[in-house]
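All chains, please: the whole structure from these sequences, using the hints.
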Amino acid sequence: MGLSAYLALAAVIFSIGLFGVMTRRNAVGILLGIELMLNAVNINLVAFSRFHGDVTGMVLTVFAICITVAEVALGLAIVILLFRTRRTAMADHVDWLKG
Amino acid sequence: MMLTVLLTPITVFLLLALVAPLRRSGRPAAFISILGALGTFGAAVQTWVLVDRLDAPIQRVWTWLPDSQGALATVGYLADEQSAIMILLVTLVSLLVQIYSLGYLSDEPAPAIGRYYVYQSLFAFSMLGLVLAPNLVQLFICWELVGLCSYLLIGFWYKKPSASRAAVKAFWTTKAGDVGLLIGIVLLWRHTGTFDFGELQQMAGAGLVGVDGLALITFCIYLGAAGKSAQFPLHIWLPDAMEGPTPVSALIHAATMVTAGVYLLVRMAFLFALTPDVLLLVAWVGAGTALMAAILACAQNDIKRVLAYSTVSQLGYMMTAIGAGFASAGFFHLLTHGVFKALLFLGAGAVIHAVGTNDITHMGGLARRMPQTMIVFLVGTLSLAGVPLFAGFLSKEEILAGVWAGGLTGPFVMLLMGAFLTAFYMFRVVFLTFFVKPAHASGHGHGHAPHDAPMTMGLPLWVLAAASMTIGIYFMLHHPAEAVEAPGWLAPVATGVALGGIALAWATFQRQIINAESLARATGPLRTVAAHGFWVDEAFVAVYRGILMTLAALVGWVDRYIVDGVLNVISAWTVSGGDGLRRIQTGKVQDYVLAVGAGVVAILWWLRGTM
Amino acid sequence: MTLEVVGFWVLAVLLVGSALAVVLTKNLFHSVLWLALALTGTAGIFLMLEAEFLAGVQILLYAGGVVTVVVFAIVVTERLVGTRLAHTSRRVLAGGAVAAVFLGVMLDILARAPLAPVMVPMGADPTKLIGMALMTRFLLPFELLAVLLLVSLLAASYLARPEE
Amino acid sequence: MTGWPVLSILAWAPFASALLIMGLGRSRPGFVRWTALLGTSVSMACALWLYANYDLAAAGFQFYEELPLVPSMGISYQLAIDGMSLVMVLLTAIIILAGVFASWTVKTRDQEFYALLLLLVTGVFGVFVSLDLFVFFLFYEIAVLPMYLLIGIWGSSGEVRPQGLFGWAFGRTGVGTKEYAAMKLTLYLLFGSAFILVGMLALYVAAGSTSFSLLALEAVEFDPGLQSWVFLAFYIGFGILAAIFPFHTWSPDGHASAPTAVSMLHAGVLMKLGAYGVVRLGMGLLPEATQQWAWLVGTIACINIVYGALSAMAQKDLKYVIAYSSVSHMGIVMLGAATLTESGLNGAVFQMFAHGIMTGLFFALVGLVYEKAHSRDIFSMGGFATMMPGIAVAFTIGGLSSLGLPATAGFVAEFLTFLGAWSSAHSWWLFPAVIGAFLTSLYVLRVVRAIFWGPKSTDPHFQNLPDAQGTEWVAIVILVGALVLFGVLPGLALTPIDVSTVPLLMRLGVL
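Residue numbers (my numbering), protein chains in the order written: chain A, 1 to 99; chain B, 1 to 611; chain C, 1 to 164; chain D, 1 to 511.
Worth double-checking, as some hints may not be accurate.
In silico DSS-like cross-links for lysine-lysine, where the CA-CA straight-line distance does not exceed 30 Å [claimed, not checked]:
id, chain 1, residue 1, chain 2, residue 2
1, B, Lys160, D, Lys456
2, D, Lys316, B, Lys160
3, D, Lys372, B, Lys160
4, D, Lys107, D, Lys372
5, D, Lys316, D, Lys372
6, B, Lys588, C, Lys128
7, B, Lys159, D, Lys316
8, A, Lys98, B, Lys588
9, D, Lys456, D, Lys372
10, A, Lys98, C, Lys26
11, D, Lys372, B, Lys159
12, D, Lys107, B, Lys159
13, D, Lys456, D, Lys316
14, D, Lys316, D, Lys107
Read the hints as simulated data drawn from the structure, not as lab findings.
Spelled out as structure tokens, the structure:
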């Protein structure tokens, strides 16, 4: 299997994640979509790293995974906060910045 | 010497205008002003003597508007035969009027008197500057300044609505003429390259002034003269100008300022001679004005308005003479008229001051109470009526001779009719004021019996009466070299016409052989027309209200609602556009993600194309 | 058809299927479980790419940690409201279109790009290499990452603290 | 010549006092006023010194100062004045000095008010003295921008009349309020300055991108096609500030809403900035385009004259009358410039000066009347001359100057312009110009009579109003004095003007 197969797979998963981010009403659902997208990126990183014989991509993947953890923690905290203040977890109910 | 003539009044003006306590003190200010006027008169006499002796014009100019060639316009003085004698008239009448005003305005509060003399000094300066102007620019400057003084003095009692309205009306009407004058000056400058009277005269004499387009120029200049000298239809302001104090009417609206138009045409006669069509117009309008104003004067009951219409009429005479090509005759009448009309106004002022009304039907039988006033007024009246031995006879005869010699039969007949009416309406005033029993007993509003005016007012009257007589007798004896020999039948005819007018007035108002009412009715529709002043006023009001104000309102509306409206529509569209665009800012984060995604897709699409 | 190809396709189908399930299922809880499956599948991909360490981290941190946290969060919030969380979708068509066009363009670009067909030997054990890199070249980012994690944990616990 | 950078002192003295006021003037009203007076007096002294020391025989640009700012782009702080700018500097100094006195009674936030006013003045001075186009533009913007705050904060709102055709649009934009006026003015002027900037950059690039200096650009002969559109850009850009039709509507609203000193400065000086820009940059740098477009400039100027006068006749609000009269009088300025004759251009520059003083006086007096009577409705007031004789006399003198009465500065300007108009290629311009002058006499005297000289109003609000007092007199006396002085002795201003207009016209090849 060549590099392009991995990249294609990652692209598919990224697109699916993007779709989820754009369409999910629930904030947690959006977070899940983001996880998918990040995951696709990780696949890309590892694939490139492996096919170019350079370990940097893998290191970055480690970083990415760690940061994702932080992001999820914060994201969920925000969701809970949102829930407390607005009684909703629906992202499209939150439009304070409406023009 | 000439500078003294100009500098004295302006110094007095500045002194009184700038030193407020002096101005507010009233009578001291008046004394300073009179002293100044006396000095000016003295200087004017000396100037006259000097010019007479030198027998050559004295001119001196300073640069006023510099340009790259040195001077675009200058100011200075030009004292020649005409201007020297004219400043004599101006300073004399001005001096006498200032003395007279001291008595006439004695009831006014001190600051008002001070203000009055400020205006008087400014007027004296401007009028003298006008007369002595060596060029058209200075003439125009002073021309406007005398107009300003006229405006200020007519509106002297500005708290009276009619006075402030009359002041504005006078300014506007003369200004309309001045627009013409200004255009004329500008055009003439382009035409000849100079403003200077001397140069213009030389050029005209040498045939260097092109005749093409000159008629327009002279016509424009004539417009200015017509406005100032109250020629039909721009005469409407002069009767209303009687709202000012009577001495002012005597000085400005009879003897000096209103004659400025005539003076201008006399000055420019050499130029007008090149445009006979315009001269013809001047003559016909002049004659028409003379007759029309005489008719209107018969229909007035206000003594000052009678005199005002009479002034308009006499100005018409002068203009006709100029139009006929005999400017000197017009100028001569200007001088004699200046003296006796000032006399008449001041006499009328004495009467008004004594009885407290302007209405001749409320007067009557004043001859016994005010004998001196009656005598001087009679002198003036006889002079105006053109009775031999009096100043007016000569000048009027000269005008008639000139018009006849100019071949203008129509204007000649009109002037003759005017002369008849002049005698009639003036003696109507004399009889109604001084002789017959008052028709309305309530006239004497002062609460005490009317009596002759005090010394300050009496002295000027006697001086002017004497001057009238002197001029009349002097010239009768030393008949001046006339430009035209009058036909032998003219003097008797003119005298006969005048006496006829007097007789009719005597029969109607003194003996009451002829019923005044039926006489008036006999004139038929003319009476109605006269009562309305030929509707000239109404025509002007219609133009002002109907055309100008409507146009202004229209333009104002267009400006606010179209020009500015379009701007505001653009602005409103921008605001609504912003409002519309605002709605795409939903505040929902996913919509933004959608947009970002679409954007990324677009960028990728573009990248793909470049691969 | 080598084992590698078969393995890849199996994993690919598994991944895509579970990912689709994540974004399409109506039940939030199920979504999370499908995500766990997808993450595990990703770990499989990592294994195929000979990145064992990363596969381990993936399973431990993601499939283990993250999913657990999410589940906790859901449970907590549902307890807070007392109802089940709705889990519907919006603008499916627009989102689908954007995502599909995106995918199409990406695949098109991939198809044209000259990409390496075979793997290059790493020269050593990737795990060891990662460890070396983290302790040498990426030491500073690594430390910063630690700080970041600490800060975000503190921040999360601050944000989600019980109401006073 | 001394070693002192007089032009810089002139321009920056107000700025320095503005800094002082902002730094130390908090709740010290006396300090604020005296510092402002000091700053403007320094400028006045500099202006008089310049006037006295300008070498008329040598003519040209004098008192040269230069300090390179960005050498690589040819931007330098380059100052000098010629006769025309000398007169404008003098005008600005007079107006701002009077303006400081006229706003002595400002109560709200006087610290900021004076600081902004002085900042504005620095901008105006800077425009008149700078030779470098970049610096010119910088100063130009400094002169325009404080206006927004000055009107928006210290202005006064008039009646709101959202009606008639496009009434909905007025309603939306908030016509009549001071915020509307401030916004309109600022947007309009910035819209104009965009054109100016484009024009300047075009010339800069066309001349080889080496120097922004006016002197350097003057030496370049630009391509006629470029000249043509750059001239139009300058004409629109500066013309908006000079209130050319149909871009004049900011002026009535802006001037009516602005506080006294701001109206004075804006109508008195800033509008001249526009005309100055057209003459200095448009005519000075683009000789061929000037001849090409003179017909347009002159014809629009004629429209301005008559249209402005008629609009003024239709107004009921005193400030609007004065503002529209400015529109009309700026037409005279533009007309004089468009005649391309010596007398016409002299008349234009003189009219800038005369109208500056005149309108400054008008707005000062209107401000006083408004302050005392709290009304701007012409036909509700009446007979004020008995209560405020000083204001009445001054207003009458201003009015007479406005209608071109000889012995006031207004006449000289109009007369010269008329001479120029008839001598120009389009001699018919004379007639609208003269008619405009006549219409002016109609509306001015009407207003003067209605407010001051007519019968006394019976409205209880208008009884026992005080005359001008204290410092207010100073402003009036300065302005009336200048108006009459330059009317009686026009050579004082005409001589320096002439030495700078003649070379300009020679460059145009019309002299």
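Verification of the supplied hints:
no., hint, verdict
1, B/Lys160 with D/Lys456, "9 Å, holds"
2, D/Lys316 with B/Lys160, "23 Å, holds"
3, D/Lys372 with B/Lys160, "24 Å, holds"
4, D/Lys107 with D/Lys372, "15 Å, holds"
5, D/Lys316 with D/Lys372, "19 Å, holds"
6, B/Lys588 with C/Lys128, "46 Å, violated"
7, B/Lys159 with D/Lys316, "22 Å, holds"
8, A/Lys98 with B/Lys588, "7 Å, holds"
9, D/Lys456 with D/Lys372, "16 Å, holds"
10, A/Lys98 with C/Lys26, "28 Å, holds"
11, D/Lys372 with B/Lys159, "21 Å, holds"
12, D/Lys107 with B/Lys159, "35 Å, violated"
13, D/Lys456 with D/Lys316, "18 Å, holds"
14, D/Lys316 with D/Lys107, "28 Å, holds"
Going through the hint list in order, the structure does not satisfy hints 6, 12.
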